[in-house]
Each structure stands twice: as C-alpha cells, then as structure tokens.
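J.: With chain A's structure known, arrange chain B on it following the hints.
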Amino acid sequence: MKHIVKIMTLLVAISAFWMSLLQTSLIPRSYTWLLPLYFIVSLGCYGLLMVGVGLMQFPTCPQEAVLLQQDIKEAKVFLEQKGIDVSSD
Amino acid sequence: MELADRAVGFLLSFISTSIFTYYTFWVIILPFVDSDHFIHKYFLPQEYAILIPVFAGVTLLCFLSVFIGLVMLKSKKKKA
Numbered sequence: 001m002k003h004i005v006k007i008m009t010l011l012v013a014i015s016a017f018w019m020s021l022l023q024t025s026l027i028p029r030s031y032t033w034l035l036p037l038y039f040i041v042s043l044g045c046y047g048l049l050m051v052g053v054g055l056m057q058f059p060t061c062p063q064e065a066v067l068l069q070q071d072i073k074e075a076k077v078f079l080e081q082k083g084i085d086v087s088s089d
Numbered sequence: 001m002e003l004a005d006r007a008v009g010f011l012l013s014f015i016s017t018s019i020f021t022y023y024t025f026w027v028i029i030l031p032f033v034d035s036d037h038f039i040h041k042y043f044l045p046q047e048y049a050i051l052i053p054v055f056a057g058v059t060l061l062c063f064l065s066v067f068i069g070l071v072m073l074k075s076k077k078k079k080a
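Chains as they are written, first to last, in my numbering: chain A, 1 to 89; chain B, 1 to 80.
Bound conformation, chain A alone:
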C-alpha cells in the first residue's frame, strides 16, 4: 500500500510541475506539450538500457557449473542404487 502511495505522489508532483510550466511560459509552448511524451519515451529507453547492461554484466561462475554437474552425477548414482528411475527421457 505504501509503495503505490509513493508512486502516486510522484506522479501528482510531476503533473503539477508540468501544469505550472504551462501556466507561466518559461519555455515555449510547443516544448511544454511535448515534454510528458518525451519523458515516457526516455523512461522506456532507460528500462531497455538497464536490461541490456544487466545482460552484459551477468556472471556465469564456470567453477560452480562444474561442481553442480558433479553433484548431479552423484545424486543420480545414489538414487539409482535406491531403485528410483532418474533417466531423463
């Protein structure tokens, strides 16, 4: 509940700022109309950028992968001894 209140207050603050920009013509009018659309597009771009950067920096831990394969082999041997069928068909 608290998280959505935070998001709502942020949205209200941004729209109040935008409307005050419209009233007092600090910036030429055509800019002020385009500003929300520009922010939405840049937010989407920022999300894509974070996804791309996270993908590039993802750690793969090759040693852990080898240890995991060994664990899987041991578990398969153990379970087959006990009589459970663990073939991957």
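Since the hints were derived computationally from the structure, they do not count as laboratory data. Every residue, glycine too, gets a C-beta built ideally from N, C-alpha and C. Please note: incorrect hints may appear among the correct ones.
[Said to hold, decoys possible] Partial pick of chain B residues on the chain A-facing surface, computed with a CB cut under 8 Å:
hint: 1; residue: 15
hint: 2; residue: 27
hint: 3; residue: 50
T.: Structure of chain B alone, referenced to chain A:
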C-alpha cells in the same frame, strides 16, 4: 553461451541509446536549427515525433490485452 548473452545485451543497449539520442535531437534540438540546414534531411517531419510513440504505445496496449484475453479463454476452456 555467455558471448551470445553479451552480444544480445550490447545490441539492446545500443538500440536504446540510439533511439534516445535520435528522439532527443528530434524533439529538443531541431526546433532551434534554421529550417534550411542540411540536418533536417535526416529527420522526419515533426508531427511524426508525436505519432510514432503514440502509435507504438497503442499497439503495445492492444497486443497486451489480446494476449491476456487469449490466456483467459484458454484457461476457461481447460476448466470446462
């Protein structure tokens, strides 16, 4: 395996930064440039700067609602 991940990540970030710079140029910098500068050839007319994101957003919303509707229909059919 990780090279393919790296390549996809790099492609995504490249696409996003290029879209961002192109859109920034289009909306913010271009109105200040004189209308007979050569740079205007590389950018579409200004109305498209509004039409294309709105069109993409509407397409995304339609796609999402169609997808949700299909999933709901499929789950109803399985239960009945």
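J.: Would you mind marking each hint as holding or not holding in the structure?
T.: Here is how each hint holds up against the structure:
| no. | hint | verdict |
| --- | --- | --- |
| 1 | 15 | 7 Å, holds |
| 2 | 27 | 5 Å, holds |
| 3 | 50 | 6 Å, holds |
Comparing the model with each numbered hint stated earlier shows that all of them hold.
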